[in-house]
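Guided by the hints, dock chains B, C and D onto chain A, whose structure is given.
4 protein chains.
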Amino acid sequence: MSQPILLAVAGMGNNISALFQGAEYYRKLAAEGLSEEDFPGIKLPRIGGIGVSDIEFVAAFDVHPNKVGSKFGDAVLASPNNYPRLDVDLPNPDVIVDEGLPADFTPQQFDAVVSRLRESGAEVLLYSLPTGLQWAATAYAKAALEAGVAFVNCTPELAARDEELLAAYEAAGVPLIGDDLASHLGTSVVHRVLLGLLSDRGLTLSSSYQLNFGGNEDFRNLRDAGASKRQSKLNALAQEGVDTSRVEVIPSAGFIGQLKDNKVAILNVEGQGWAGTPVSLDLKLKVQDSSNAAGVIIDLIRVAAAAKRVNAGGFSAAAVPVLKSPAGGHPKYSAADVRESLKQLDGVTAGQ
Amino acid sequence: MSQPILLAVAGMGNNISALFQGAEYYRKLAAEGLSEEDFPGIKLPRIGGIGVSDIEFVAAFDVHPNKVGSKFGDAVLASPNNYPRLDVDLPNPDVIVDEGLPADFTPQQFDAVVSRLRESGAEVLLYSLPTGLQWAATAYAKAALEAGVAFVNCTPELAARDEELLAAYEAAGVPLIGDDLASHLGTSVVHRVLLGLLSDRGLTLSSSYQLNFGGNEDFRNLRDAGASKRQSKLNALAQEGVDTSRVEVIPSAGFIGQLKDNKVAILNVEGQGWAGTPVSLDLKLKVQDSSNAAGVIIDLIRVAAAAKRVNAGGFSAAAVPVLKSPAGGHPKYSAADVRESLKQLDGVTAGQ
Amino acid sequence: MSQPILLAVAGMGNNISALFQGAEYYRKLAAEGLSEEDFPGIKLPRIGGIGVSDIEFVAAFDVHPNKVGSKFGDAVLASPNNYPRLDVDLPNPDVIVDEGLPADFTPQQFDAVVSRLRESGAEVLLYSLPTGLQWAATAYAKAALEAGVAFVNCTPELAARDEELLAAYEAAGVPLIGDDLASHLGTSVVHRVLLGLLSDRGLTLSSSYQLNFGGNEDFRNLRDAGASKRQSKLNALAQEGVDTSRVEVIPSAGFIGQLKDNKVAILNVEGQGWAGTPVSLDLKLKVQDSSNAAGVIIDLIRVAAAAKRVNAGGFSAAAVPVLKSPAGGHPKYSAADVRESLKQLDGVTAGQ
Amino acid sequence: MSQPILLAVAGMGNNISALFQGAEYYRKLAAEGLSEEDFPGIKLPRIGGIGVSDIEFVAAFDVHPNKVGSKFGDAVLASPNNYPRLDVDLPNPDVIVDEGLPADFTPQQFDAVVSRLRESGAEVLLYSLPTGLQWAATAYAKAALEAGVAFVNCTPELAARDEELLAAYEAAGVPLIGDDLASHLGTSVVHRVLLGLLSDRGLTLSSSYQLNFGGNEDFRNLRDAGASKRQSKLNALAQEGVDTSRVEVIPSAGFIGQLKDNKVAILNVEGQGWAGTPVSLDLKLKVQDSSNAAGVIIDLIRVAAAAKRVNAGGFSAAAVPVLKSPAGGHPKYSAADVRESLKQLDGVTAGQ
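Residue numbers (full-length UniProt numbering), protein chains in the order written: chain A, 1 to 352; chain B, 1 to 352; chain C, 1 to 352; chain D, 1 to 352.
Be aware that a few hints might be false.
Copies of the same chain are indistinguishable here, so a pair counts whether it falls within one copy or spans any two.
BS3-like, lysine-lysine: derived pairs with alpha carbons at most 30 Å apart [said to hold, decoys possible]: (1) Lys28 - Lys343; (2) Lys260 - Lys324; (3) Lys71 - Lys343; (4) Lys142 - Lys324; (5) Lys43 - Lys260; (6) Lys343 - Lys142.
These are calculated hints, taken from the structure and not from any lab test.
Looking at chain A on its own, in the form it has when it is part of the complex (with noise of 0.2 Å):
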């Protein structure tokens, strides 16, 4: 085992339980026998070094009463969290949540921010809250600066791509990792390789649809704002030779609270072959929707922290894999610069 990332973390939703029950998961199949290679849905065993059990949550923030001013280990498993409790032994670290920043937050309050992810030792705030907070993104990213603590965005909301908070990071030499988390295996990427796969073989797409539903507080919170959501789907299935305006996406089509955790997207595609004559798909996905998060956060986080021990100020393009709008837009980074950043990450970081 490697040096653990020292993690602080803004918002203590099922994300976080995922990512606090999973790598203790791992690090029981470790103790087990099982070598890294062979973790079940884990990709990369090692960035920069660091398993994905490596991690020692220092710091953490949030506002709901059911969570504030208790243990990290109670917090992160208090309603209306509901991952599911995974078959482990769990730590509780000695960490008390703090009250996170209210939207008319003073400058006491933002210090006292600064100040805890200071005397925390935090190598990295992952920021999770619900999205829609800019006012939130922002201030904790600029606290997480002046701390000098790497910053990780999960949400849609600016901050790698705000250009004038990336100089900054750069300037300090400190990582700025966003924005916007693209899922392990999400309903956006699936529905586009479908729609990708119906162009590249030559059939027209007739119509699409793609609605989600689930159990936790996302869906009820998406059911009815989900119009930016809608769009930034759209935009994820947008690629040569799809003709997104036959689309119809439903951010969230219901809560259904017995789902829990769980997340079902039905995609239905209608296309047309030679003659005119139909094609039609209809698929079913279910996922453990917060698994599906903190697979990549997984990565983001280690991503930053590696960045953060070889001084690796602003944006690494190791990230761009798992992002849905990382800092320049995708276009800017190719597969070579991923591999390269990865080596550069992986490379230093040994030679230590």
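Just chains B, C and D now, kept in the frame of chain A:
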């Protein structure tokens, strides 16, 4: 309209019905003013300058009593063919279906096929008998060679992969295009991209299966004799990161007459993501089976005819994207080879 | 052909398009020689001697600018209606669509409706405005009563369950048929039989959900205002042995324009069998939404007209099987009551 | 806990594993304080006073080398059995599996079975060998009769429908319960209710199919020899208003080892509603195949044991709801007969 392909066919099954009716379907669309760039289900409106309706049937061989001795236009719609009757007027080419070769054919019978091909003026012989008759594929390929007619092999039998045969075609300056067409939107390619996506995203394949069923004669035949087809379909799924020992394929789960020429495929993929939590995909694909073949045959015969017109003997890389087993194997050809081959067919023809 | 129903309609939506076109569809089948016993989708070829094509539209009310003032045959096909245009010739009845009542209608406007009904000679007024307009249901029901015209209420608003109103209809000898049509093959009835089967066989329901989506105006309206519809749908699933607290229903998961007048429903049922081992059912139901209504409306209006012709005022038990909330409630009526009522409508008519 | 059923079994397949493990599963639930009224998957907690864990295995016959000569508890888990190992402690009854009868058994071998049944003290012999061995069903039934042991036939072979055999059981005062268990939640019953619903609502069946597949030995066997099973399953769908000539059934679409003892069924129903417009239902059913049998076997053996205890020879109507082909045929029994029979088994037993 450019000069039509003078086409002979060995086998008068649903694929030929789809090809014949489809050519008229597109002729009708063009007559209604639709640009060929907007034809549904067509990726390449022109290959070597030849459009999708530029086909003239000049000879046909079959052994079924419902077909032998009938006029082409009657035979192609006769039972057990059950491709749908499209809403287009059909011509009835002045061609009588000849008795095809029996398994124990005599030299005289072979010579009769050669003569028929010669006197018909055929440019291309399209071979699409039922799967499994290697002797027939070889015999028709040799007859075509002797008659100086380009040969297209739609089936998994060896023809273009038979090195001796290929050398003979090359020496004679006659095109030989094969083997085994890759369906327009086949179950294999859909299954393959889903398995590839899972691997690419770093999830672990737990298990997967694929079942195919339909109501044409193929599904009756394959029900009992699917072992080689099963292996061929498993091969088609093999790729980096995919453990096909975890995949089961049932080429024919059953003959369901009411489906007629439709094929339905059921796919399931079970995987593990972060912390070993499950992901599952269930997909139903429904296609018009013979359109799925004809949408590819249209490219194969255009490549063959265009190659013949420019005296390009042997195999043409332009056919690679629509073949399962091209001469020499897939790895031999790059995307650039395909583009170059297409350009060559276009360029020279255009210069005529 | 028996004497046609002289029919007035309040609301000119897809249901009326389906009813109007469908009547002609069956007329065409009959003209082609098909016996009405073999009509697809028809359980009772005759009710009170009236066939499914025996409809004559004599008056119509609507408020949409695309419809008011137009001829019936134009209005019924005008946007936002998007029921498919069936492959039949349509007559264009000599009826102009009248402006319907506004929410703040005056006594004069009310009287105009009564006069219009009287002068049209209508036997039945079919009420099928959008769900939720209790004032409109009441107003049209009172106008019909005053005009001596039978009233059919397709919606969940109170009419036949309004005891005072029912008594007035009974006293006047005018039929009042309602409330709320039960779709021909609705999601609720499919869901209900699956849940009932599980219980009947002795398996334990773990959880279940139902999502509905489509491309007509209903799905746009219900997306935001589905709470009462949700409860009504849950009620429809309630039965002995079924714990509906384990069931979630989403009346509109989304408006998907490309589906037009089609409705898709996704059902899931999870249960436990012997030793607590799981069983799961996943079902997709696709229907032509307005045919699903018209297939039932055809029975309601025939019951109403037949009852009027034999001077049977008030409610008729013959309508019970196709209503969600019949006057007095479902438990009041046995299968024998329904048969008896049908016989009465038939018998007396036959005796005329 | 009442007096356990002393049970002998002919055949040690997955069904016996499910029965054996399930009995312990419910014993554990009871020990944890769950009332038997709340047992998941159990409709009748008591039959004749006997609970679902009241089973004692006293003899077993099989021919598989992995099983013969082994202790019961080992044999029941041995390959090719692949019912899941439930999370309960299992006893290992002091019973060695005897070699079962071969097809050409001698009188001596037959007598050995009779003796073994006698000396074991068995009350009931449960016959659940693979389908198709009529000689075996007859032989074991005769042996049980001679030993005075009640006989339960889970298979489609003739036993309770063999009038001569039934008369002999009646004369001897020994229960004979069969034939052919109706799965707890089988594909047939689900398919049947959907077809019945369509008819009941007045829609017209266009076509329908049903495919079954799974990973236990049944699906390997049925793949090649499914013709009689197909007809039996079609019979099970027959009902008023359903034209089974429009239905196709594939008893085994394939053996998919990864599914182990799970069964998956795919159902499709296409119909026509008002104006001939289409309705379609697609359903996927997934069950634990052997739980589906054991959940019914538990009723059959309790009926048999309770009947034996009250000296009710021959068939008992209490078994009718869980049999496909009860003695005398389904129409012979009313729901009242079943209730009466259950009461008789309960009442007399209670009075002891």
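Hints, one by one, checked against the model:
{"no.": "1", "hint": "Lys28 - Lys343", "verdict": "within (28 Å within a copy, 55 Å between copies)"}
{"no.": "2", "hint": "Lys260 - Lys324", "verdict": "within (25 Å within a copy, 32 Å between copies)"}
{"no.": "3", "hint": "Lys71 - Lys343", "verdict": "neither (37 Å within a copy, 58 Å between copies)"}
{"no.": "4", "hint": "Lys142 - Lys324", "verdict": "within (22 Å within a copy, 56 Å between copies)"}
{"no.": "5", "hint": "Lys43 - Lys260", "verdict": "both (26 Å within a copy, 28 Å between copies)"}
{"no.": "6", "hint": "Lys343 - Lys142", "verdict": "within (29 Å within a copy, 56 Å between copies)"}
Hint 3 from the list above is the single one not met by this structure.
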